[in-house]
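J.: The residues making up each chain are set out below.
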Amino acid sequence: MTTHYLVLSALLFAIGGVGVLVRRNAIVVFMCVELMLNACNLAFVTFARQHGNLEGQIIAFFVMIVAAAEVVVGLAIIVTIFRTRRSASVDDANLLKY
Amino acid sequence: MSTLTAAPITAPTIEYGELAPMLIIFGAAMIGVLVEAFTPRYLRKSIQMPITVLSMVGAFALTVWQGVRGVRSAAAMGAIAVDGPSLFIWGAILLLAIVSVLLINDDDHFVAEAAAVPGSAEEDQALSQGGAHTEIYPLVLFAVGGMMLFPAANDLLIMFVALEVMSLPLYLLCGLARRRRLLSQEAAMKYFLLGAFSSAFFLYGTALLYGFAGSVDLKAIATALSTVGGQDALLFIGAATLGVGLLFKIGAAPFQAWKPDVYQGSPTPITALMASGTLIAAFGALLRVFWVALGDLDAEWTPVLWGVAILTMVVGAVLAITQTDIKRMLAYSSIAHTGFLLTAVVATGKESQNANALSGILFYLLAYGFATVGAFAVVTMVRDPGGEAGHLSRWAGLGKRSPLLAGIFALFLLAFAGIPLTSGFFGKYAVFAAAVAGGAVQLVIVGVVTSAMAAFFYVRVIVLMFFSDPAPEGPTIAVPSMGTAAVVTLSAAATVVLGVFPQPVLDLAHTAAQSLFVR
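Taken in order, these protein sequences are the chains called A and B. With our numbering, the residue at position 1 of the first sequence is 1, and numbering never jumps. With positions in the second sequence counted from 1, the corresponding number in our numbering is that position plus 1000.
By construction, these hints were calculated from the structure, which means they are not laboratory data. A hint or two may mislead.
Said to hold, decoys possible - Okay, the calculated bits of chain A under chain B, using three or more residues with CB under 8 Å as the criterion:
1) 32-40
2) 56-68
3) 76-88
Stated by the list, open to error - Once the Cα atoms are required to be at most 20 Å apart in a straight line, the calculated SDA-like pairs of lysine to any residue come out as:
4) K1219(B) - H51(A)
5) K97(A) - V1318(B)
6) K97(A) - L1182(B)
7) K97(A) - H1391(B)
Every residue gets a Cβ at the ideal spot worked out from N, C-alpha and C, and that includes glycine.
Work out the full structure, taking the sequences as your base and the hints as a guide.
T.: As structure tokens, this is what we get:
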């Protein structure tokens, strides 16, 4: 029964997506993106099981590496902004608009 | 399980020769990282710059050579397609990247010490010591390598990795402006958060299409469209989320919100690179996914892209009129151009029709890319004491104080507007003609109307420059360095030549598009 895992993956993806839209702290927003990526991983592994090939499991590894690289870049940017503004809130970054 | 262990492992074949242009760029990027680690600070720039330019020139020469040889294959076990459109896109990206690097090479665009807080003593110290981040060169090389891989990727995993390789360095580069650092850092954060969000959508779409087809190979997905039944939910949701990720990258409405912020906040040379290179790469990838993998599903996705194209054109043209910042205005103009290009994507049909549309898109992208890089190069030269003179009112009377510069900028604006004898005219003509041939007449009508609206705000800037009195405390015109002067000259020359003798390049785009995407 792989359906349950797919439903779980969809739920995690949705939670992550809603989190990105409603949370205000850049770090938390970023963690929600990571949650979305991990939901994708769960879907990949489940489909790999369903189709009986290994492709999905290999892809999951690639996604982990990419997510790790993204953490490096993302935290660098967020920490720089925090040092400048003493705040990591995405609402405070409001100089660019309209 | 025993079959897994017993099966002999055969090594994959990789056509290094065909992938050489990309491998050179990535190789040079890694050498650049080593240079950062092992050479003294004062030597780095004089080593990095030649490495960057030479590798790009070499990669361009190899791309041309492959075009002459007529290479057309799915290299690396079908994972990377080296075909006519790929080679044209590679050539275009490399040319525009070489031009952008000349602009990036100018000293005073990038921050002296990225880790120093703006306005702090550390920053003053770094500035007075002449600090510079030469890491920008390898970062640019990685971004360009990603841009080349993205449209050539023939399976969705490679495409996802390429998307990230292209985007991650750009997120960092966006935050490295020397002046107005708060804006620059904010642009980097917005671009990063929204970019990561959209790539998660891209990945979820990939996962669902993998569930549908049992493979992420574009050709396998195309085959599965006719053989797999009863999985429509996976297919449609997958295609839609994948589309969201791709439309975000080209900046189509309603996913355009990042573009003005990022274009305005980033260092202008990086904006030039993004506005030209990323757009070309993302369009190549979008076309490959929708035409190769989802080609037989066009009855379902064409109506959606119709709506997106109309919305993008209207949003871009209308909001550009209200802008007061020159870089923001150019960003909205870029959104409008994305809409014009989308009209040709919608016009799919028979193979000859597709080839027609594709060649129009390729020509348009190249022409638009040169005009964009040139326009942003001019923007870097008009300066206030605190940095570039962004506000449009500061540009008043520029034509009286510096007729040459204002004249060249006017040329780029006319090319954006699509006036005859500039490159933009033939680009727009080719794209709209393909759309009409594909039966999207209503779309072209919207396109022509929004083009007229867009012409209004381009001409408004020209009027402002030539027919207003200069402000008494007007901006200074920086004496251009060799690099900037070369960029402006090259872009202006390309804009005129493509507008007066477009035939060779049109033929080249036609030849490249003739074979369509390899399957």
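J.: For every hint, state whether the structure bears it out.
T.: Consistency of the hints with the structure:
1. 32-40: holds (count 5)
2. 56-68: With 5 residues closer than 8 Å to chain B, the stretch 56-68 of chain A meets the three-residue bar; holds.
3. 76-88: holds (count 8)
4. K1219(B) - H51(A): OK: K1219(B) and H51(A) at ~17 Å, within 20 Å.
5. K97(A) - V1318(B): 16 Å, holds
6. K97(A) - L1182(B): Given pair K97(A), L1182(B) holds - Cα atoms ~13 Å apart, limit 20 Å.
7. K97(A) - H1391(B): At roughly 14 Å apart (the allowed maximum being 20 Å), H1391(B) and K97(A) satisfy the hint.
Comparing the model with each numbered hint stated earlier shows that all of them hold.
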